[in-house]
Amino acid sequence: MPGTTTLLFFALATLLLTASPGPGVLYVTSRSLAQGRRVGFVSMVAIESGELVWLVAAATGVAALLSASVSALTFLRFAGAVYLVYLGVQRWRHAADAAAPQRAELRRIFAQGFVTQIFNPKVAVFFVAFLPQFLDVSRPIAPQVAVLGAVYVAVAILVDTSYVMAASALSRRFMRSRAAQRRTSRVAAATYVGLGVAAAATGIKRP
Numbered sequence: 037m038p039g040t041t042t043l044l045f046f047a048l049a050t051l052l053l054t055a056s057p058g059p060g061v062l063y064v065t066s067r068s069l070a071q072g073r074r075v076g077f078v079s080m081v082a083i084e085s086g087e088l089v090w091l092v093a094a095a096t097g098v099a100a101l102l103s104a105s106v107s108a109l110t111f112l113r114f115a116g117a118v119y120l121v122y123l124g125v126q127r128w129r130h131a132a133d134a135a136a137p138q139r140a141e142l143r144r145i146f147a148q149g150f151v152t153q154i155f156n157p158k159v160a161v162f163f164v165a166f167l168p169q170f171l172d173v174s175r176p177i178a179p180q181v182a183v184l185g186a187v188y189v190a191v192a193i194l195v196d197t198s199y200v201m202a203a204s205a206l207s208r209r210f211m212r213s214r215a216a217q218r219r220t221s222r223v224a225a226a227t228y229v230g231l232g233v234a235a236a237a238t239g240i241k242r243p
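Per the working numbering, residue 37 is the first one in the sequence shown, and the count goes up by one each step.
Any given hint could turn out to be false.
Estimated spans, in silico, between C-beta atoms of each pair [claimed, not checked]:
(1) 57 to 89: 18 to 28 Å
(2) 37 to 98: 14 to 24 Å
(3) 48 to 126: 33 to 43 Å
(4) 45 to 233: 26 to 36 Å
(5) 169 to 219: 26 to 36 Å
(6) 96 to 48: 20 to 30 Å
(7) 234 to 81: 22 to 32 Å
Keep in mind the hints are simulated off the structure, nothing from the lab.
None of the values given here were measured: they were computed from a predicted structure.
Don't be surprised by glycine CBs; every beta carbon is placed ideally from N, CA and C.
Put together the whole structure using the sequences plus the hints.
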């Protein structure tokens, strides 16, 4: 099991990752703003589910294999960039349909959030390159990842819940009109496209 100091530093690193702006934070906050607390929590669960996939990859050694493969990392980076642009286009197209999602719509929102976090470049770098620094290679890896994963999930849920509550509170105050909801969705859509282009450009610059 990781020591107390390791856990504290990892919790701080997780806090910085999950609280800083990125595709996951944007997804949760924009959904909460445009569609309220219920959709915000569905989005949050989707984001956390995507992160659990990365935790499993780290525990089973898949993340280590990815870190050793330049082509795999490049594929992940560009796949994430393409998906962010796609998500932005979809959000723009459906900006007028922001209110009152049905059950099928909630499933789609969950699926989009899940895939967003799977291909989130920031999360990929964290689990592929940063998490291994907290592991003691002389001990079994899976139990260490399980403990660090529990810390990660706890911090991520706390941070994302704060975003959902704050954004949904703003939604009740300022987002009562369909026009405001539509504008919020379109701003989020444009930001997704920008993040996707930036991720692709970063990948092109690297050797």
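A quick look at each hint next to the structure:
1. Taking the beta carbon of each, residue 57 and residue 89 are about 22 Å apart, inside 18 to 28 Å as hinted.
2. Residue 37 and residue 98 have their C-beta atoms about 22 Å apart, which keeps the hinted 14 to 24 Å range intact.
3. Between residue 48 and residue 126 the CB atoms are about 35 Å apart, so this pair conforms to the stated range of 33 to 43 Å.
4. For the pair residue 45 and residue 233, the supplied restraint of 26 to 36 Å holds, since their beta-carbon distance comes to about 33 Å.
5. In this structure the hint that residue 169 and residue 219 lie 26 to 36 Å apart at CB is violated, the actual value being about 42 Å.
6. Checked against the hint of 20 to 30 Å, the pair residue 96 and residue 48 passes, with Cβ atoms roughly 26 Å apart.
7. At roughly 27 Å, the beta carbons of residue 234 and residue 81 sit within the given window of 22 to 32 Å.
Violated hint: 5 only; the structure is consistent with all others.
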